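The lines below spell out each chain.
Number of protein chains: 2
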Amino acid sequence: MPIPTVISLDAMGGDHGPPVVVAGVRDYIRRHGGEGVRFLLHGDEAAIVAEMARHDLTGDVCDIRHTDKKVASDEKPAQAMRRGKGSSLWNAVEAVKLEEAGAAVSAGNTGALMAISKLILRMSAPGLERPAIVASWPTLRGVTAVLDVGANIESDAEQLVEFAIMGEAFHTAVHGGVRPTIGILNVGSEDVKGHDEVREAARILREGGLGLNYHGFVEGDDIAKGTVDVVVTDGFTGNIALKTAEGVARFISTLLKQALTSSLQAKAGAFIAMPALKEMSRKIDPSAINGGPLLGLNGIVVKSHGGADAKGFGNAIRIAVDLARSDYMKTVGANLGRLDSVMHAAPAGVPSEETVS
Amino acid sequence: MPIPTVISLDAMGGDHGPPVVVAGVRDYIRRHGGEGVRFLLHGDEAAIVAEMARHDLTGDVCDIRHTDKKVASDEKPAQAMRRGKGSSLWNAVEAVKLEEAGAAVSAGNTGALMAISKLILRMSAPGLERPAIVASWPTLRGVTAVLDVGANIESDAEQLVEFAIMGEAFHTAVHGGVRPTIGILNVGSEDVKGHDEVREAARILREGGLGLNYHGFVEGDDIAKGTVDVVVTDGFTGNIALKTAEGVARFISTLLKQALTSSLQAKAGAFIAMPALKEMSRKIDPSAINGGPLLGLNGIVVKSHGGADAKGFGNAIRIAVDLARSDYMKTVGANLGRLDSVMHAAPAGVPSEETVS
Chain A
1 MPIPTVISLD AMGGDHGPPV VVAGVRDYIR RHGGEGVRFL LHGDEAAIVA EMARHDLTGD
61 VCDIRHTDKK VASDEKPAQA MRRGKGSSLW NAVEAVKLEE AGAAVSAGNT GALMAISKLI
121 LRMSAPGLER PAIVASWPTL RGVTAVLDVG ANIESDAEQL VEFAIMGEAF HTAVHGGVRP
181 TIGILNVGSE DVKGHDEVRE AARILREGGL GLNYHGFVEG DDIAKGTVDV VVTDGFTGNI
241 ALKTAEGVAR FISTLLKQAL TSSLQAKAGA FIAMPALKEM SRKIDPSAIN GGPLLGLNGI
301 VVKSHGGADA KGFGNAIRIA VDLARSDYMK TVGANLGRLD SVMHAAPAGV PSEETVS
Chain B
1 MPIPTVISLD AMGGDHGPPV VVAGVRDYIR RHGGEGVRFL LHGDEAAIVA EMARHDLTGD
61 VCDIRHTDKK VASDEKPAQA MRRGKGSSLW NAVEAVKLEE AGAAVSAGNT GALMAISKLI
121 LRMSAPGLER PAIVASWPTL RGVTAVLDVG ANIESDAEQL VEFAIMGEAF HTAVHGGVRP
181 TIGILNVGSE DVKGHDEVRE AARILREGGL GLNYHGFVEG DDIAKGTVDV VVTDGFTGNI
241 ALKTAEGVAR FISTLLKQAL TSSLQAKAGA FIAMPALKEM SRKIDPSAIN GGPLLGLNGI
301 VVKSHGGADA KGFGNAIRIA VDLARSDYMK TVGANLGRLD SVMHAAPAGV PSEETVS
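Residue numbers (the UniProt record's numbering), protein chains in the order written: chain A, 1 to 357; chain B, 1 to 357.
By construction, these hints were calculated from the structure, which means they are not laboratory data. Values in this document were obtained by computation on a predicted structure and should not be read as measured data. It cannot be assumed that every hint is accurate.
What the hints assert, rightly or not - Which stretches of chain B does chain A cover? Using the computed rule of at least three CB atoms under 8 Å from a CB of chain A, they are:
1. 145-156
2. 222-236
3. 241-247
4. 253-264
5. 277-284
The beta carbon of each residue, even a glycine, is placed where N, CA and C say it ideally should be.
Let's have the full structure, built from the sequences with the hints guiding it.
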């Protein structure tokens with residue numbers, strides 16, 4: 001019998017806790033079969049057991065690790081690091097460190113999850129101060145991975161290249177990309193555009209011998225076009241691009257709802273077109289793309305949106321399973337090693353023993 | 001008789017030249033009456049005369065300044081500065097400098113327009129290296145001005161505050177804002193978030209005694225919500241936010257069109273709901289918000305989108321007229337003066353003659 005993939009879950013995280021986390025397990029199994037996958041649920045045993053019964057899940061699939069303690073949704077990262085030991089979030093991540101699980105999923109407080117994950121697992125990407133968050137962005141051509149969308153406010157060229165390495169491996173593992181194309185987000189596509197960091201990162205990706213499929217600079221509208229599979233940017237710009245896009249999507253959907261309920265005639269038309277409109281909203285359903293891994297750690301941790309529903313949490317589990325079963329960690333490790341030699345190689349012309357393989 | 005407002009037009013700029021520029025004049029007059037407004041059209045006389053005849057426009061409204069020369073759409077800014085003298089773009093801007101016109105409008109090459117405008121008119125904002133571009137962004141609550149969306153790639157705190165000053169005066173003049181609220185775009189709304197530049201700009205706006213209606217930090221999704229009237233950001237982030245939003249809007253409208261033509265039933269529903277859907281698309285019609293002034297110059301220059309149609313160009317004219325007739329230049333001048341005292345005041349506690357009014 002093959003060794004099962006174990007996914008460690010923070011059952012108390014997010015706005016809803018066990019009702020959504022356990023329903024998310026059921027949703028994952030319903031959609032993806034769940035063969036060879038087992039779950040470690042950390043949190044209040046009684047609440048978890050009750051939800052497992054409701055969803056007809058047994059101890060064959062779900063193991064419970066009881067704890068009374070949880071990290072509050074408004075707890076500051078520093079506080080969470082000091083006081084979080086033994087909480088459901090902490091224990092979920094620690095199971096990855098202890099190799100009891102191949103990945104952890106939490107819908108808890110992002111800052112706390114990042115701080116605790118970094119403390120327990122440590123960073124594997126030497127240039128990163130904290131984990132990068134990747135967003136799976138629906139496009140006209142599929143899904144594009146955009147990173148960093150939140151944590152690393154100022155990113156130098158080395159960090160941007162690390163994002164490229166991690167984004168490539170993520171896209172391959174989770175979205176099935178074959179030699180995914182990589183673009184750096186900029187204000188124009190010509191080589192001379194943008195600030196020093198993006199131009200230096202572009203140079204390394206073009207010349208660095210990292211073997212990545214680098215496309216070049218891309219602009220904001222290239223994200224939704226799906227021009228490339230992986231869009232690399234600093235955490236400040238990425239976070240603002242992502243939230244701006246969410247705001248625009250919500251704005252248009254509000255206008256559409258207003259329009260289609262503005263008169264009896266409009267309502268009649270909407271009723272008739274409803275199956276097609278539902279099919280459309282399925283394509284931009286946030287729960288279908290929920291789940292952003294924290295990249296750059298020595299282990300896999302996936303952050304689910306705090307307000308995600310069962311389907312959304314189920315998708316975050318799918319991403320965790322795909323990453324845990326893939327070569328993600330190995331590919332990233334190898335490419336980060338290559339980047340390290342590029343960044344710290346002896347100047348051209350001076351032979352160096354270290355760079356001779 | 002009151003002195004007419006004269007608007008100087010680069011008749012050869014943009015993808016279409018005179019057919020759109022002259023039709024834009026007609027569109028402006030049809031929508032806004034055009035009383036007390038006259039136009040100076042720079043470019044090929046024969047082509048302009050032919051279009052004026054088509055649109056029933058006479059010499060009472062349009063004056064022609066012939067030139068054979070035009071700036072190419074792909075001309076580099078430095079080249080345009082060296083070789084652009086006497087072109088329709090150059091002459092349109094020069095008419096503002098010579099006080100023949102209260103504002104200029106061009107749909108020409110953005111880089112060339114910025115470089116030539118800066119050369120001819122000079123910057124009035126001491127912190128800015130080049131003009132800022134403001135976007136009028138449709139929101140759930142009206143229109144929000146977002147700047148800079150393109151030119152100033154790296155913006156320090158002083159520049160961000162200059163954007164706030166210019167954005168406030170722009171919103172008042174063009175969108176009728178009364179004490180418009182101002183927000184700085186950031187990755188969170190807490191005071192501790194973001195990099196040094198945004199935190200320092202926030203401090204100046206909070207404490208600087210500039211008398212602006214400062215709201216605080218806003219996030220990407222606050223733009224489309226209309227949380228504030230003016231969103232201030234560096235040109236890199238602003239350009240990427242704007243283009244990302246355009247990409248998302250186009251993505252959703254493509255999906256909507258696909259959905260509503262996906263079956264006979266969907267087509268029937270769409271046909272019935274069509275009046276409501278048309279009303280909706282009117283609200284996000286790009287030509288209704290076309291026209292981005294270049295801010296920070298000693299004079300008013302409005303950039304129209306190169307591909308704008310007559311309605312779009314007509315709207316750029318409206319923005320130029322509104323700015324030329326308002327207190328925009330005076331308000332900005334006074335507030336930039338105040339900022340200058342704040343930035344270069346003697347340290348607290350040391351009396352200074354200059355700061356005693």
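Could you check the structure against the hints above and give me the numbers of any it violates, in ascending order? Violated: none.
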